[in-house]
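Colleague: Each protein sequence line maps, in turn, to chains A and B. Taking UniProt numbering, the leading residue of the first sequence gets 1, the next gets one more, and so forth. Taking UniProt numbering, the leading residue of the second sequence gets 1, the next gets one more, and so forth.
Calculated from the structure, these hints are not laboratory results. Hints should not be assumed to be uniformly reliable.
To be verified - Cut-off 25 Å, straight-line C-alpha distance, at most; resulting in silico cross-link-like pairs (DMTMM-like, lysine to aspartate or glutamate):
id: 1; chain 1: B; residue 1: K200; chain 2: B; residue 2: E112
id: 2; chain 1: B; residue 1: K157; chain 2: A; residue 2: E41
id: 3; chain 1: B; residue 1: K146; chain 2: B; residue 2: D165
id: 4; chain 1: B; residue 1: K146; chain 2: B; residue 2: D159
id: 5; chain 1: A; residue 1: K273; chain 2: B; residue 2: D264
id: 6; chain 1: B; residue 1: K200; chain 2: B; residue 2: D106
id: 7; chain 1: B; residue 1: K146; chain 2: A; residue 2: D140
id: 8; chain 1: B; residue 1: K146; chain 2: B; residue 2: D163
id: 9; chain 1: A; residue 1: K273; chain 2: B; residue 2: D163
id: 10; chain 1: A; residue 1: K273; chain 2: B; residue 2: D159
id: 11; chain 1: B; residue 1: K146; chain 2: A; residue 2: E41
id: 12; chain 1: B; residue 1: K146; chain 2: A; residue 2: E70
Model, not experiment: these values are computed from the prediction.
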Amino acid sequence: MPDRSFAPSRILIYLAVALIAAAWLAPLVVVVLNSLRTNEEIAQGSMIGWPQHLAWSNYAAAWSGFCVAETCAGIRPYMLNSALVTIPATIISTLLGAIAGYAVSLWRFRGDNWIYGIVTLGLFLPQQMRLLPWTIVLRDIGLINTLTGLVLIHTIQGLSFTTLFCRNYYVAIPHELIRAARIDGAGFFRIFWRIILPLSGPILIVTVIWQFTHIWNEFLYGVTFTTGQQQPVTAALIALSAAVADIPQHGVQSAAVIIAALPTLLIYLLGGKYFVRGLTAGAVK
Amino acid sequence: MSNAATMRPGRPALPEWVRRLPEYLMIWVPLLLSAAHLVSFSLWTIWISFTPSTLVPVAGWVGLRNYSAVAASRNWQIAFDNLLLFGSAFVLLSAATGLILAILLDQRIRGENVLRSIFLYPLAVSFVVTGTVWSWLLNPGLGIQKLIHDLGWTSFKFDWLIDRDMAIWTIVIAAIWQSSGFAMALFLAGLRSVDSDIIKAAQIDGAGPVRTYRRIILPSLWPITVTVVVIQLQFAISTFDLVRALTNGGPGIATQLPALVVYDLMFQRSLLGRGAAAAVLMLLILLAVLLPYAAWRYVQRRRAAHA
Numbered sequence: 001m002p003d004r005s006f007a008p009s010r011i012l013i014y015l016a017v018a019l020i021a022a023a024w025l026a027p028l029v030v031v032v033l034n035s036l037r038t039n040e041e042i043a044q045g046s047m048i049g050w051p052q053h054l055a056w057s058n059y060a061a062a063w064s065g066f067c068v069a070e071t072c073a074g075i076r077p078y079m080l081n082s083a084l085v086t087i088p089a090t091i092i093s094t095l096l097g098a099i100a101g102y103a104v105s106l107w108r109f110r111g112d113n114w115i116y117g118i119v120t121l122g123l124f125l126p127q128q129m130r131l132l133p134w135t136i137v138l139r140d141i142g143l144i145n146t147l148t149g150l151v152l153i154h155t156i157q158g159l160s161f162t163t164l165f166c167r168n169y170y171v172a173i174p175h176e177l178i179r180a181a182r183i184d185g186a187g188f189f190r191i192f193w194r195i196i197l198p199l200s201g202p203i204l205i206v207t208v209i210w211q212f213t214h215i216w217n218e219f220l221y222g223v224t225f226t227t228g229q230q231q232p233v234t235a236a237l238i239a240l241s242a243a244v245a246d247i248p249q250h251g252v253q254s255a256a257v258i259i260a261a262l263p264t265l266l267i268y269l270l271g272g273k274y275f276v277r278g279l280t281a282g283a284v285k
Numbered sequence: 001m002s003n004a005a006t007m008r009p010g011r012p013a014l015p016e017w018v019r020r021l022p023e024y025l026m027i028w029v030p031l032l033l034s035a036a037h038l039v040s041f042s043l044w045t046i047w048i049s050f051t052p053s054t055l056v057p058v059a060g061w062v063g064l065r066n067y068s069a070v071a072a073s074r075n076w077q078i079a080f081d082n083l084l085l086f087g088s089a090f091v092l093l094s095a096a097t098g099l100i101l102a103i104l105l106d107q108r109i110r111g112e113n114v115l116r117s118i119f120l121y122p123l124a125v126s127f128v129v130t131g132t133v134w135s136w137l138l139n140p141g142l143g144i145q146k147l148i149h150d151l152g153w154t155s156f157k158f159d160w161l162i163d164r165d166m167a168i169w170t171i172v173i174a175a176i177w178q179s180s181g182f183a184m185a186l187f188l189a190g191l192r193s194v195d196s197d198i199i200k201a202a203q204i205d206g207a208g209p210v211r212t213y214r215r216i217i218l219p220s221l222w223p224i225t226v227t228v229v230v231i232q233l234q235f236a237i238s239t240f241d242l243v244r245a246l247t248n249g250g251p252g253i254a255t256q257l258p259a260l261v262v263y264d265l266m267f268q269r270s271l272l273g274r275g276a277a278a279a280v281l282m283l284l285i286l287l288a289v290l291l292p293y294a295a296w297r298y299v300q301r302r303r304a305a306h307a
């Protein structure tokens with residue numbers, strides 16, 4: 001309700017919001033603080049506390065020191081794996097989705113509604129329904145336990161989202177624009193490059209952020225189709241906490257958790273508006 | 001645009017379909033791959049669920065035996081009960097939290113953007129990360145309980161994580177924290193789209209803020225509420241990472257959920273037929289939510305089109 005005075009009710013509102021916001025930030029603050037405390041310090045007290053001295057060495061250990069199974073290379077190789085899966089899969093699925101969305105919305109062809117309808121079912125089909133077939137297919141084409149296999153999966157599955165996002169954006173473009181260009185003799189790709197792509201800035205950012213966040217954070221496929229040195233960082237984090245279960249290293253683990261979360265958190269901070277737009281665009285499907 | 005592309009004299013004209021082959025390929029190959037994998041993989045999993053497959057998929061027909069074996073297993077029964085409890089508690093509480101946050105943020109408060117970012121940031125982080133962090137906070141020997149003990153209140157007890165009866169609520173807490181922001185974003189968009197003239201008219205009629213909310217604003221939000229509930233249910237049904245990182249189904253199998261049962265049957269016990277049956281059961285649960293929703297959406301659209 002429009003009211004900018006400082007009545008007691010306003011103070012209550014601010015108090016409530018501030019309390020909830022503090023609760024929402026608490027887990028992040030706790031991990032950041034822990035990542036700067038030594039393992040011994042945490043073992044003496046609780047996970048919640050102020051660092052006595054800033055133990056930056058946790059980050060070095062998390063990045064390239066600690067051991068999972070027999071390899072002691074820290075989280076770095078797994079971060080690299082995640083990047084090598086996420087970046088290509090994001091770019092390819094976004095590009096293909098943009099072209100498909102453009103074709104379905106503005107070009108129209110026989111069977112377009114049918115195929116689009118089936119593709120968008122991918123938004124709902126649980127991953128569990130695809131686990132066994134993917135395992136068999138990846139084994140048959142020799143891509144099981146490879147990063148290429150994960151790129152393939154995320155590209156094909158991501159198409160459901162990227163096509164939907166782009167299609168819903170492109171339907172708002174006036175058809176006359178396309179018709180005029182076609183009369184001038186411009187073909188499918190020329191119209192895409194010259195007319196559609198320059199208009200696509202916002203939706204491409206939304207799609208890229210959505211895909212990057214989802215693929216980076218994905219766990220089930222990573223843990224199912226890869227093992228050991230091929231795992232993405234989400235799967236490696238679980239392996240790490242299992243590996244150190246006997247002698248917990250909470251300081252180093254906290255640093256590892258922060259490092260693993262950093263790429264998507266940064267993207268969220270930089271492109272929050274587009275991130276939220278993706279969330280709500282996915283919702284209104 | 002020039003006509004040069006179409007009017008190139010002196011070259012034999014290629015047949016139309018050859019000239020347009022690249023575009024056909026770029027359109028159809030990705031779409032067909034996507035559609036084909038969705039349809040064939042679903043049918044494939046359904047087929048495996050009717051076979052006696054264990055370590056590898058084999059042909060054969062066992063009827064509904066895999067289904068009855070899954071349904072009769074303690075693992076699945078606990079998972080299903082947990083899903084009912086977790087699903088309803090999480091969906092109701094996260095929708096309520098989201099609505100409260102949206103109403104609070106809708107009071108023209110300062111720093112709305114910052115606050116919105118705070119409530120939404122968990123959505124940008126993987127469930128593995130947030131589940132791990134919550135497992136520390138909720139661990140009685142490490143987290144909140146330990147802190148309060150160290151502060152001197154030694155009889156304080158908050159050990160749901162290791163309590164068989166309460167452990168499922170730790171997943172509810174973490175899930176609410178992670179995804180209430182999503183409900184908030186949708187509700188806030190809904191609140192902002194309520195016609196301000198109607199609100200002004202109500203205020204001129206002497207309705208206070210509480211009354212305006214109850215009588216005018218909240219009733220107009222119910223289509224958004226349905227959407228929020230359905231999406232959160234969809235999330236609840238397929239929850240896997242969060243539980244894997246937070247409790248790993250434990251203590252014992254107290255926080256088992258269907259997605260964990262599927263994984264366990266397929267990849268830890270190598271009972272592919274049963275794992276596939278459990279996956280199909282998951283799909284059926286999902287359809288029980290989504291089909292009524294789709295029907296409702298269809299009716300709504302028809303009505304909007306006729307209005």
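Colleague: Taking the hints in turn, state whether each one holds.
Modeller: Results of checking the hints against the structure:
The suggested pairing of B/K200 with B/E112 holds, with an alpha-carbon distance near 23 Å, which does not exceed 25 Å. Restraint check for B/K157 and A/E41: the C-alpha separation of about 23 Å stays at or below 25 Å, so the hint holds. As the CA atoms of B/K146 and B/D165 are separated by approximately 21 Å, the hinted pair is consistent with the 25 Å bound. Proximity of B/K146 to B/D159 is assessed by CA-CA distance (about 10 Å); at most 25 Å being required, the pair is judged to hold.
Only pairs whose Cα atoms come within 25 Å are accepted, and A/K273 paired with B/D264 is rejected, the gap being roughly 39 Å. With a C-alpha separation of about 15 Å, the suggested pairing of B/K200 with B/D106 holds against the 25 Å cut-off. Our distance criterion of 25 Å between C-alpha atoms is broken by B/K146 and A/D140, whose separation comes to about 51 Å. For the proposed pair B/K146 and B/D163, the alpha carbon gap of about 16 Å is at most 25 Å, so the pair holds.
Only pairs whose Cα atoms come within 25 Å are accepted, and A/K273 paired with B/D163 is rejected, the gap being roughly 40 Å. Only pairs whose Cα atoms come within 25 Å are accepted, and A/K273 paired with B/D159 is rejected, the gap being roughly 38 Å. A hinted pair counts as satisfied when its Cα atoms are at most 25 Å apart, and B/K146 with A/E41 qualifies at roughly 14 Å. Using a Cα cut-off of 25 Å, the hinted pair B/K146 and A/E70 is violated, with the two alpha carbons roughly 33 Å apart.
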